[in-house]
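> Here is how the chains run, residue by residue.
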Amino acid sequence: MTADANRPPVLRLESVRKTFGDSVVLRDVDLAVPAHTVTVLIGASGSGKSTLLRCANLLEEIDDGAIFLDGDEITDPRVDPDSVRRRIGVVFQAYNLFPHMTVLDNITLAPRRVHKTARKEAEERARELLARLGLKEKAAEYPDRLSGGQQQRVAIVRALAGQPKLLLLDEITAALDPELVGEVLNVVRDLKEQGMTMVIATHEMGFAREVADQVCFLDGGVVLERGTPKQVFGAPQQERTQQFLRRIVEAGRL
Amino acid sequence: MTVPDLSDEDMYRPSARRIERERHKRTRARRATAIATISTVVTAAVLFLVVTGSPGWPATKKAFFSAHYARMALPKVIDGLWLNIRLMVICGAIILVLGMLIAVTRTLRGPVFFPLRALATAYVDFFRGLPLIICLLMVVFGVPALRLQGVTVNPVILGGTALVLTYSAYVAEVFRAGIETVHPSQRAAARSLGLSGPQTMRFVVLPQAVRRVVPPLLNDLVSLQKDTGLVSIGGAVDAVHAADIIVGKYFNYTPYVVAGLVFVALTIPMTRFTDWITARMYRRQSQGGTV
Ligand SMILES: Nc1ncnc2c1ncn2[C@@H]1O[C@H](COP(=O)(O)OP(=O)(O)OP(=O)(O)O)[C@@H](O)[C@H]1O
Ligand SMILES: [Mg+2]
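So the sequences go chain by chain: H and V. Sequential numbering from 1 applies to the first sequence in this note's numbering. Sequential numbering from 255 applies to the second sequence in this note's numbering.
Be careful, since some hints might not be right.
[Claimed, not checked] One-sided excerpt, in silico: chain H residues whose CB lies under 8 Å from chain V: (1) ARG12; (2) SER15; (3) LEU58; (4) LEU59; (5) GLU60; (6) GLU61.
[To be verified] Computed beta-carbon distance windows for the label pairs: (7) V:THR361 <-> H:GLU239: 49 to 59 Å; (8) V:PRO369 <-> H:GLU137: 42 to 52 Å; (9) H:LEU109 <-> V:GLN539: 20 to 30 Å; (10) H:ALA175 <-> V:GLY364: 40 to 50 Å; (11) H:GLN237 <-> V:THR361: 30 to 40 Å; (12) V:GLU276 <-> H:GLN237: 32 to 42 Å; (13) H:ALA174 <-> V:GLY542: 46 to 56 Å; (14) H:GLU239 <-> V:ALA431: 54 to 64 Å; (15) H:GLU239 <-> V:GLY542: 32 to 42 Å; (16) V:ALA270 <-> H:ALA175: 39 to 49 Å; (17) H:ARG240 <-> V:ARG284: 55 to 65 Å; (18) H:ARG7 <-> V:ARG284: 32 to 42 Å.
[As the list claims (entries may be wrong)] A few chain H residues that face chain V, going by a derived Cβ cut-off under 10 Å, partial list only: (19) VAL24; (20) GLY65; (21) ALA66.
Hints are computed from structural coordinates only; laboratory data are not their basis. We put the CB at the ideal spot given by N, CA and C, even for glycine.
One chain only, chain H, in its complex shape (with noise of 0.2 Å):
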């Protein structure tokens, strides 16, 4: 890792509970991503990747715990939550474009509406973002009329062009080919090199080998394993992770 020990982490999650009614689905979960670093956050489905991805947006209101945005409380009742979204992107498990405007203008919107930005500079971004997606064609084109691949393409345009600080993933390889994949996963060390700090929730463990610095293993509500794709992939600890893993090898996803 890169990060100079004196910054603080980018997000950071300290015991954070986070219940739906009777079900716990977050007991004690604590979790540092410094700068420009990848996290990848494996796991079960329902495990509770996207929630807390949810969590550190301040979509979901945590029951207990707190979660730090460069170093600030960010889960104070206090704290704005339209300004810390603003330094966050993120792109849904189901990507959540607006079906009712062009691929151009769901990537716009908040560039023009919240960072104030000139239309003809935000669109500018946007095609180049585009393109380099692969995507300069759909520029006119509305979401509904997308493959699915090129809706998540989109999705992952549209958290970008905010220019955020952190960028928060959710399964955003679940819809592509495998050469897609790969084009994702160049996007993502691309945007790592600028600088960009990213949590990323996957079942793809070979993408979460790739581009990771920290794999965490999310089981029972907590972290229960952390490491470096390396250790966690290599030579898991808890037996819970073995499990898991040796499943996903079964299933020849690794």
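The hints should help you fit chain V with the ligands onto chain H, whose structure is shown.
Frame of chain H, contents of chain V with the ligands only:
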């Protein structure tokens, strides 16, 4: 899956941070309530002083807010109201069914259904455009004038018919708007599960459509409830007509105020009830969250 070890859960104790946070939220909620209460009281007091301080107030009070006439009118108005309520419930039920049928007819595809579709469209175009009062006059006075054998001349039934004719055109359009906002992917998903077109409509599209249009439907029902007062033009004694009779006799307008308040009182519980229903539906189905 999320709670592997229940005994562990018993050990959870809220941290000092959580307690502090909740205390802050409570303080904030209390402050908001206090501000709301004070501003409401101040507004009400100002309004009261302005109205009662106006030069014409004593005369107005006598003509519109006389306790004596209010007491006299209330039982009669309530008696009449029973007619309004029955009309509203029966007409409302017929209107909902008819409106839904017309809406579904309008969304049928394919050339086979063209005549039906055209008929439904023509119906909506006509009755939505026709002023209710004219529709009422024509039905209430026109139908008896025909002297048809076996056709009722009861002004309540005729008035109700006129209401149904007009309102089902409105309600059909509300339903149709709801049907059209259901995303096409929903239809695609249902059809690919093997559901037929009508089944898709019945089990997937309509339930979503209806939920979405509950507030505007309620709007139309409340409006209907008030318009039931119009059947009095045929001579039926409803709440408005009952008030009218007393006003005509004593030249005091208080009975109108009483009738008005009674109508308002009738709609409020209905609004709260639908608010509650929709809120519950939303809570159960949506992801929720803080935004
Ligand atoms: N709004 C909600 N209300 C109630 N329960 C919820 C809600 N959102 C999520 N859950 C529950 O929380 C648990 C974690 O869900 P989450 O979406 O975070 O899982 P995940 O790890 O992202 O799974 P996947 O890998 O399948 O995407 C699930 O059991 C889910 O049913
Ligand atoms: Mg998820």
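> Compare the structure with each hint and give your call.
How the hints compare with the structure:
Proximity of H:ARG12 to chain V is violated relative to the hint, the smallest CB-CB distance being about 14 Å (cut-off 8 Å). The closest approach between the C-beta of H:SER15 and any C-beta of chain V is roughly 7 Å, which is under the 8 Å cut-off, so the hint is satisfied. A distance limit of 8 Å between C-beta atoms decides the matter here; for H:LEU58 the minimum to chain V is near 6 Å, and the interface restraint holds. Annotation: interface hint on H:LEU59 holds; nearest CB of chain V at approximately 5 Å, less than 8 Å.
For H:GLU60, the interface hint holds, the least distance from its beta-carbon to any beta-carbon of chain V being 5 Å, beneath 8 Å. The beta carbon of H:GLU61 is positioned within 8 Å of a beta carbon in chain V (closest approach about 5 Å), and the interface hint is therefore held. Separated by about 57 Å at the C-beta atoms, V:THR361 and H:GLU239 satisfy the suggested range of 49 to 59 Å. Taking the beta carbon of each, V:PRO369 and H:GLU137 are about 44 Å apart, inside 42 to 52 Å as hinted.
Separated by about 26 Å at the C-beta atoms, H:LEU109 and V:GLN539 satisfy the suggested range of 20 to 30 Å. A hinted range of 40 to 50 Å for the beta carbons of H:ALA175 and V:GLY364 is inconsistent with their spacing of about 34 Å. Taking 30 to 40 Å as the suggested C-beta distance range, the pair H:GLN237 and V:THR361 does not conform, at roughly 60 Å. Look at V:GLU276 against H:GLN237: about 37 Å separates their beta carbons, and that is inside 32 to 42 Å.
Between H:ALA174 and V:GLY542 the beta carbon distance is about 23 Å. The supplied range of 46 to 56 Å is therefore violated. As the Cβ distance of H:GLU239 to V:ALA431 is approximately 56 Å, the hint placing it in 54 to 64 Å holds. For H:GLU239 and V:GLY542, the hinted distance range of 32 to 42 Å is satisfied, since their beta carbons lie about 34 Å from each other. Between V:ALA270 and H:ALA175 the CB atoms are about 44 Å apart, so this pair conforms to the stated range of 39 to 49 Å.
A beta carbon spacing of about 45 Å between H:ARG240 and V:ARG284 contradicts the range 55 to 65 Å that was offered as a hint. A hinted range of 32 to 42 Å holds for the C-beta pair H:ARG7 and V:ARG284, which are about 39 Å apart. Interface restraint check: H:VAL24 against chain V, minimum CB-CB distance 5 Å, threshold 10 Å, status holds. Given the 10 Å rule on beta carbons, the hint for H:GLY65 holds: about 7 Å separates it from the nearest Cβ of chain V.
For H:ALA66, the interface hint holds, the least distance from its beta-carbon to any beta-carbon of chain V being 6 Å, beneath 10 Å.
Comparing the model with each earlier hint shows violations of hints 1, 10, 11, 13 and 17; every other hint is respected.
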